[in-house]
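Participant: Residue strings, one per chain:
Protein chains: 2
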Amino acid sequence: MAQYMSMDHLRFLLYEVLEVDKLCELPRFQDHDKEGFDILLTSVKDYADQFMYPCFRECDEKGAYYEDGKIIVPEQVGEYMKASGENGTIGMTFDYEVGGMQLPHVVEVSCGHIAEAANNHLTGYSGLTNGSANLIVTFGSQELIDTYVPNMLAGKWGGTMCLTEPQAGSSLSDIVASAKLNDDGSYSIEGQKIFISGGDHEYSENFVHLVLARIEGAPAGTKGISLFVVPKHRPENGELVPNDVVTAGDFQKMGQRGYCTTHLVFGEENNCKGWLVGPENKGLLCMFQMMNAARIDVGTTAASVASAAYYASLQYAKERPQGRRIQSGGAKKGDAPQTTIINHPDVRRMLLLQKSIVEGSLSLCLLAAKYQDLAEHGPEETRTMYHDLLELLTPMVKTFPAEKGQVAISNGLQILGGYGYCSEFSLQQYYRDVRIMTIYEGTTGIQSLDLLGRKVVAKNGEVMKNFTKEIIETIKAASNYDDLKPYAEALKNASKTLESTLMHLLQFAMSGEHERYISDASIFMELMSTVTIAWQWLHMATIAKTSLVTGNTHLSTEFYENKIHTMKFYFKYELPKIKGHMETLKHQDSLTILEENKTILA
Amino acid sequence: MAQYMSMDHLRFLLYEVLEVDKLCELPRFQDHDKEGFDILLTSVKDYADQFMYPCFRECDEKGAYYEDGKIIVPEQVGEYMKASGENGTIGMTFDYEVGGMQLPHVVEVSCGHIAEAANNHLTGYSGLTNGSANLIVTFGSQELIDTYVPNMLAGKWGGTMCLTEPQAGSSLSDIVASAKLNDDGSYSIEGQKIFISGGDHEYSENFVHLVLARIEGAPAGTKGISLFVVPKHRPENGELVPNDVVTAGDFQKMGQRGYCTTHLVFGEENNCKGWLVGPENKGLLCMFQMMNAARIDVGTTAASVASAAYYASLQYAKERPQGRRIQSGGAKKGDAPQTTIINHPDVRRMLLLQKSIVEGSLSLCLLAAKYQDLAEHGPEETRTMYHDLLELLTPMVKTFPAEKGQVAISNGLQILGGYGYCSEFSLQQYYRDVRIMTIYEGTTGIQSLDLLGRKVVAKNGEVMKNFTKEIIETIKAASNYDDLKPYAEALKNASKTLESTLMHLLQFAMSGEHERYISDASIFMELMSTVTIAWQWLHMATIAKTSLVTGNTHLSTEFYENKIHTMKFYFKYELPKIKGHMETLKHQDSLTILEENKTILA
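These protein sequence lines map, in sequence, to chains X and L.
Taken in order, the first sequence gives residues 1 to 602; the numbers are from the working numbering.
Taken in order, the second sequence gives residues 1 to 602; the numbers are from the working numbering.
It is worth saying that the hints were derived from the structure and are not from the lab.
Mixed in with the good hints there might be a few duds.
Chain copies aren't distinguished; within one or between two, either way the pair holds.
With a cut-off of at most 30 angstroms between alpha-carbon atoms, the simulated BS3-like pairs for lysine-lysine come out as follows [said to hold, decoys possible]: (1) 577 - 485; (2) 485 - 598; (3) 598 - 496; (4) 34 - 22; (5) 577 - 492; (6) 586 - 485; (7) 62 - 492; (8) 465 - 496; (9) 45 - 598; (10) 496 - 586; (11) 82 - 598; (12) 223 - 318; (13) 496 - 476; (14) 586 - 492; (15) 318 - 586; (16) 459 - 496; (17) 496 - 577; (18) 318 - 598; (19) 577 - 469; (20) 577 - 465; (21) 156 - 318; (22) 156 - 70.
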């Protein structure tokens with residue numbers, strides 16, 4: 001069995017860095033303990049080893065496709081959904097009373113990481129079922145919950161999120177799908193939705209679509225959008241009858257080919273019924289309450305795919321003999337035996353780059369999930385603070401692992417040279433699979449507008465202040481160790497760079513130049529997320545150092561030393577990039593705001 | 001017909017920036033003139049429009065594959081090779097006496113750019129035939145030339161370069177293919193070669209492989225490698241007889257799927273004959289004399305694929321309505337009609353990033369090709385200088401367009417959102433196709449070792465001095481215009497950053513720490529090539545400014561203004577990155593030189 005993720009790193013994050021066992025002191029999680037978490041993680045890992053990883057290549061080769069009005073997916077989807085229902089992973093964070101296990105989100109995300117690293121073509125099917133069931137549980141009537149949720153958590157009915165329409169894309173205010181109230185309290189739904197992941201296949205008896213649509217007469221824009229449950233088959237008199245939801249096609253993608261991406265047509269024959277979830281015209285608000293979790297999930301998937309690519313390239317680098325090391329004097333010893341390529345500094349650089357991105361990303365994803373747990377179930381007095389921090393982190397959690405995961409995997413592919421580009425090795429598949437992650441659930445551009453336009457200025461800067469406070473605490477803790485002091489100092493300077501750059505940009509906002517303020521939001525995202533991951537690394541290194549000093553033997557000395565080494569790598573090779581970001585963001589030229597429709601000709 | 005490259009930009013580079021018409025004053029090129037160049041470029045463009053671009057997607061879909069001992073390639077390969085032979089493009093730079101046209105390399109690369117942007121799956125078939133014929137012409141006997149070259153230039157026989165072996169990869173000193181002298185002066189060849197592009201298909205009557213192998217008793221390492229012509233069918237008594245070259249397979253690749261990548265087995269039945277090209281044991285030297293051209297070609301192909309991706313995403317951005325611009329005050333006008341996405345600053349940023357990479361890359365590729373012309377056929381007294389400058393530029397010409405072309409195309413894909421990831425749009429194909437360019441003809445790691453380890457220190461720094469002199473001339477010319485002065489100043493500082501970083505690194509070389517000196521060569525490559533492209537941009541902007549000031553009407557005012565605008569973009573968004581590179585390269589930590597075989601565990 002090839003390695004695709006590290007249980008050691010995961011346990012290090014959960015128990016030493018995030019101390020998630022302390023969550024069990026909260027009433028919500030009182031039935032759980034560390035041993036229980038560990039048993040769960042181990043069982044997920046076993047399942048991933050035995051079933052998910054072995055069929056990863058096959059899911060890509062078979063792919064999903066449209067044929068005679070049906071979507072054909074790899075047969076493994078059926079087995080996966082059945083197992084997900086049986087082992088209870090779909091609703092693991094849900095309340096007991098709706099059939100859940102009341103586990104913390106951070107444990108759910110950890111299980112997700114294992115599964116996504118093993119096979120990212122399957123995990124979306126259960127993930128979206130979880131997300132849509134959660135919407136019903138949170139905002140739906142008891143009748144809707146009773147009708148739909150048990151079968152969804154059992155893995156029998158699939159769930160989807162139907163936002164995107166052909167003419168609107170990311171611009172949800174332009175949604176035109178319509179809903180008309182019927183006498184029986186249901187609505188007649190009409191419209192088309194595209195890019196609907198997991199939207200149809202033969203291995204689920206039914207599909208429960210969570211659809212954004214406008215009720216007749218609703219206001220224009222985002223304030224007139226409502227949320228509906230629209231099943232593929234509707235329950236009527238104890239039976240399931242077709243609900244006029246037609247599958248019109250499957251988008252053929254460059255990657256994640258085993259994960260179908262459907263085009264759905266609702267109500268073509270005026271016989272499609274939907275049921276309102278949450279208040280009228282508040283559909284977007286409901287949807288966005290689930291969005292943090294969905295975005296953490298995309299970030300985690302990106303980090304997980306990058307993790308699998310890292311271990312695949314590490315294994316190759318350890319086994320592949322090629323070339324010789326450079327001797328002092330600059331020559332190579334021609335008659336020496338070939339060295340394995342892991343000993344070439346540039347290959348080590350590409351390995352450490354991957355490791356620093358993968359482990360730094362995962363650290364941030366799990367931190368966000370823990371914040372979500374504290375925001376929902378922590379002590380009352382700190383819930384708002386954690387909620388706000390989660391809101392601030394979310395666009396970075398979605399973006400950094402996705403953007404940098406692509407860079408990481410490209411470096412993994414490069415380590416294999418020509419073989420990395422060939423279908424017989426998995427690197428090219430990871431490279432194709434991960435490319436969608438900067439697009440799913442809001443593109444990098446959208447996330448960056450959210451971060452700079454809303455999140456960093458929320459509550460008059462109070463949230464940003466709390467964020468900085470967390471960083472300063474890490475700097476203080478690291479400064480207790482002489483050999484970490486230079487890195488603590490570097491993070492302090494980086495934090496100042498972030499602050500001064502933000503202050504510079506805010507001048508535009510304050511003088512009413514909002515388009516200018518926001519125009520380089522993507523570069524600001526790069527800067528701030530680079531600093532944020534540096535914070536994660538310094539925190540991890542400090543914990544590792546403490547373990548070395550105190551003689552903690554949970555993990556090996558080598559493990560802790562490598563953690564500190566990787567932190568140093570990130571601080572040498574990645575953190576300095578913010579110098580360039582700052583210069584760009586403070587540059588006097590405004591070059592991307594041009595007169596309307598001006599084309600840039602060659 | 002969709003646009004995939006810009007004839008305006010190409011002519012601007014050729015006639016205004018590089019003044020290639022002046023090459024016609026040299027004896028070698030005295031039969032040519034600008035009008036002739038233009039007719040040629042136009043005819044290549046017509047052919048690319050009518051034949052190459054329309055079958056670009058089909059070449060990917062059909063792909064090349066192995067079946068019953070044969071390689072099946074898209075049928076368009078046959079038509080393309082026939083046309084290439086008929087229109088004389090395979091040997092356009094060759095001497096008249098061997099059937100060439102004695103055109104400058106810079107014109108050949110320009111034709112290549114058009115063709116590669118139209119369809120990069122086809123161009124390698126003729127490009128490698130050109131390269132291998134050139135090896136025979138330069139180093140082969142008259143008999144070899146007479147036997148092979150006419151059919152190669154006629155497009156009837158394909159040519160290949162056979163370097164890589166399964167156990168050796170980039171490490172050519174470990175080649176084991178063998179050659180044993182026969183009584184008739186030929187050699188018996190035995191061995192396996194992998195990753196042989198264009199190595200076999202039904203549309204060429206014969207294949208002429210240029211094979212690196214060791215003559216029995218030759219010294220170990222690179223000093224014992226010789227070069228051979230090894231045909232698939234050897235001419236014997238006026239007939240072609242099989243030469244025991246067996247095609248064992250075709251590597252299935254993520255991209256460039258129409259361009260076959262074969263596995264060849266020589267002499268399995270002891271009946272494979274080869275003929276020595278150049279002196280015994282000097283095979284690598286011969287091969288490397290052709291390498292500059294091959295590397296310029298890969299760089300140009302990368303820039304060309306990125307060009308096609310740029311225009312595809314530009315067209316989409318101009319046509320796709322979505323969202324609204326942000327008004328002053330930060331709000332969006334919900335009831336306004338949607339804007340086309342080109343008006344969103346972040347989309348413009350992604351377009352300008354592509355444009356700055358594509359056009360900057362092409363400028364460097366053509367400059368290198370012109371240096372090659374001057375090194376080979378220019379005035380005697382400057383040949384060495386241009387040769388050395390070409391040697392210095394080559395690793396960057398190979399690397400910058402390939403590395404940054406991947407970034408550019410990823411941004412192009414991102415502009416299309418979910419559609420960019422779907423097979424029905426071309427962006428995902430460009431994204432897959434371009435990924436090999438950092439691997440072909442020496443990986444980025446290899447190029448970086450060449451740049452820092454050999455090229456920048458060549459002739460005791462004299463070459464580097466001449467390079468800096470060229471940059472200073474550009475700075476001076478730009479400083480004549482007030483509005484270009486800030487950018488001239490920025491390039492001056494960048495040049496100093498490059499110099500001081502190199503000085504810092506050289507301390508390690510001088511103290512014998514060669515592995516440390518070279519360990520971050522890839523980061524040095526990023527720094528130096530970023531500065532080099534800034535130099536290209538300032539040069540282009542200065543020429544454009546001069547045209548605006550003098551009222552030159554070769555191209556539109558808008559064209560010249562856009563050139564200056566794109567220079568500013570590069571200076572704001574790309575050049576500042578060297579601050580980070582410098583900090584990384586000057587960082588005290590050495591993190592990638594570890595004890596032998598130390599694994600980096602998670």
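Participant: Now tell me, hint by hint, if it's right for this structure.
Facilitator: Against the structure, the hints come out as follows:
1. 577 - 485: The answer is both: 20 angstroms in one copy and 26 angstroms across copies each meet 30 angstroms.
2. 485 - 598: between (51 angstroms within a copy, 26 angstroms between copies)
3. 598 - 496: Result: close neither inside a copy nor across copies, 37 angstroms intra and 37 angstroms inter.
4. 34 - 22: Within one copy, since 9 angstroms is at most 30 angstroms while 77 angstroms is not.
5. 577 - 492: both (15 angstroms within a copy, 21 angstroms between copies)
6. 586 - 485: Close inside one copy (29 angstroms) and across copies (19 angstroms); limit 30 angstroms.
7. 62 - 492: For residue 62 and residue 492, neither the intra-copy (50 angstroms) nor the inter-copy (55 angstroms) Cα distance is at most 30 angstroms.
8. 465 - 496: within (12 angstroms within a copy, 38 angstroms between copies)
9. 45 - 598: The answer is between: 27 angstroms across copies meets 30 angstroms, while 54 angstroms in one copy does not.
10. 496 - 586: both (14 angstroms within a copy, 21 angstroms between copies)
11. 82 - 598: Neither, since 54 angstroms and 42 angstroms both go past 30 angstroms.
12. 223 - 318: For residue 223 and residue 318, only the inter-copy Cα distance (28 angstroms) is at most 30 angstroms; the intra-copy one is 56 angstroms.
13. 496 - 476: Classified as within: same-chain Cα gap 15 angstroms, cross-chain 37 angstroms, threshold 30 angstroms.
14. 586 - 492: both (20 angstroms within a copy, 20 angstroms between copies)
15. 318 - 586: This pair counts as between: shortest inter-copy Cα distance 29 angstroms, intra-copy 44 angstroms.
16. 459 - 496: For residue 459 and residue 496, only the intra-copy Cα distance (21 angstroms) is at most 30 angstroms; the inter-copy one is 44 angstroms.
17. 496 - 577: Both ways: residue 496 and residue 577 sit 14 angstroms apart in one copy and 19 angstroms across, limit 30 angstroms.
18. 318 - 598: between (52 angstroms within a copy, 9 angstroms between copies)
19. 577 - 469: both (23 angstroms within a copy, 29 angstroms between copies)
20. 577 - 465: both (23 angstroms within a copy, 28 angstroms between copies)
21. 156 - 318: neither (43 angstroms within a copy, 44 angstroms between copies)
22. 156 - 70: within (18 angstroms within a copy, 48 angstroms between copies)
In summary, the numbered hints that this structure violates are 3, 7, 11, 21.
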